[in-house]
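S.K.: From first to last, the protein sequence lines are chains A and B. Counting in the working numbering, the first sequence runs from 1 upward without gaps. Counting in the working numbering, the second sequence runs from 1 upward without gaps.
Since the hints were derived computationally from the structure, they do not count as laboratory data. Hints are supplied without guarantee of correctness; some may be wrong.
[Stated by the list, open to error] Straight-line alpha carbon distances no greater than 25 angstroms define the calculated DSS-like cross-link-like pairs of lysine-lysine that follow:
#: 1; chain 1: A; residue 1: K100; chain 2: A; residue 2: K58
#: 2; chain 1: B; residue 1: K57; chain 2: A; residue 2: K100
#: 3; chain 1: A; residue 1: K100; chain 2: B; residue 2: K11
[What the hints assert, rightly or not] Facing chain A, according to a computed beta carbon distance under 7 angstroms, are these residues of chain B, among others:
#: 4; residue: V12
#: 5; residue: P39
#: 6; residue: G63
#: 7; residue: Y64
#: 8; residue: S94
#: 9; residue: T96
#: 10; residue: S101
What you are looking at is a predicted structure, and each value in this text was computed from that prediction instead of being measured. Glycine is no exception: its CB is placed at the ideal position from the N, C-alpha and C atoms.
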Amino acid sequence: AQSVTQLDSQVPVFEEAPVELRCNYSSSVSVYLFWYVQYPNQGLQLLLKYLSGSTLVKGINGFEAEFNKSQTSFHLRKPSVHISDTAEYFCAVINFGNEKLTFGTGTRLTIIP
Amino acid sequence: DAGITQSPRHKVTETGTPVTLRCHQTENHRYMYWYRQDPGHGLRLIHYSYGVKDTDKGEVSDGYSVSRSKTEDFLLTLESATSSQTSVYFCAISETSGGSSEAFFGQGTRLTVV
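Chain A with its partners taken away, still in its complex shape:
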């Protein structure tokens, strides 16, 4: 069975500083990977996804993520954060084969002015 680990439950970052949110997965087969963002009191929206091809994936709002198969990671990065990036971020995986969507526990990103 697959699993997703987000090691940091909370990440405080100063405005305009870079940020990396970590995501590691466990699976015996190939996977599709996703990052979702949830702004306060809102639903979840897709930031970006990795299906195949280039391991560097660009998403909305200046975020990007890199798929690293050997380290089973899919870390999310942004070179310069803004107050509007304050949100909770969820990493998710779908296995080739059983296709069930599995989420990590989320990382709350807080931007410090």
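Dock chain B against chain A, hints included.
M.R.: Chain B alone, transformed into the frame defined by chain A:
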């Protein structure tokens, strides 16, 4: 926006009463899910469905049942609501085929059990 809607969006109910939440999709996606979101716990899977009449339990299924009689509808029932089931409930849909995969969420249902 993906065609996925949850109803109701807000509900207050009394302890011991049954409650049914509805998730409706127009994307014809195979998988449908119900999650609950609580502070400090992230998203926890309650039940999911991989086709009409095909459902399975998630990690927090006690006290909940589901039904999927049509591709487009996935119902979550709290058989006898308790205060511990006060939460925000999210429905999601996903489909994987031909080297592509997508997953979308509903806007959530805020349920309060008093």
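S.K.: Each of the hints needs a verdict: does it hold here or not?
M.R.: Hints, one by one, checked against the model:
no.	hint	verdict
1	A:K100 with A:K58	24 angstroms, holds
2	B:K57 with A:K100	12 angstroms, holds
3	A:K100 with B:K11	28 angstroms, violated
4	V12	17 angstroms, violated
5	P39	10 angstroms, violated
6	G63	21 angstroms, violated
7	Y64	17 angstroms, violated
8	S94	5 angstroms, holds
9	T96	5 angstroms, holds
10	S101	4 angstroms, holds
In summary, the structure is inconsistent with hints 3, 4, 5, 6 and 7 from the numbered list given earlier, while agreeing with the others.
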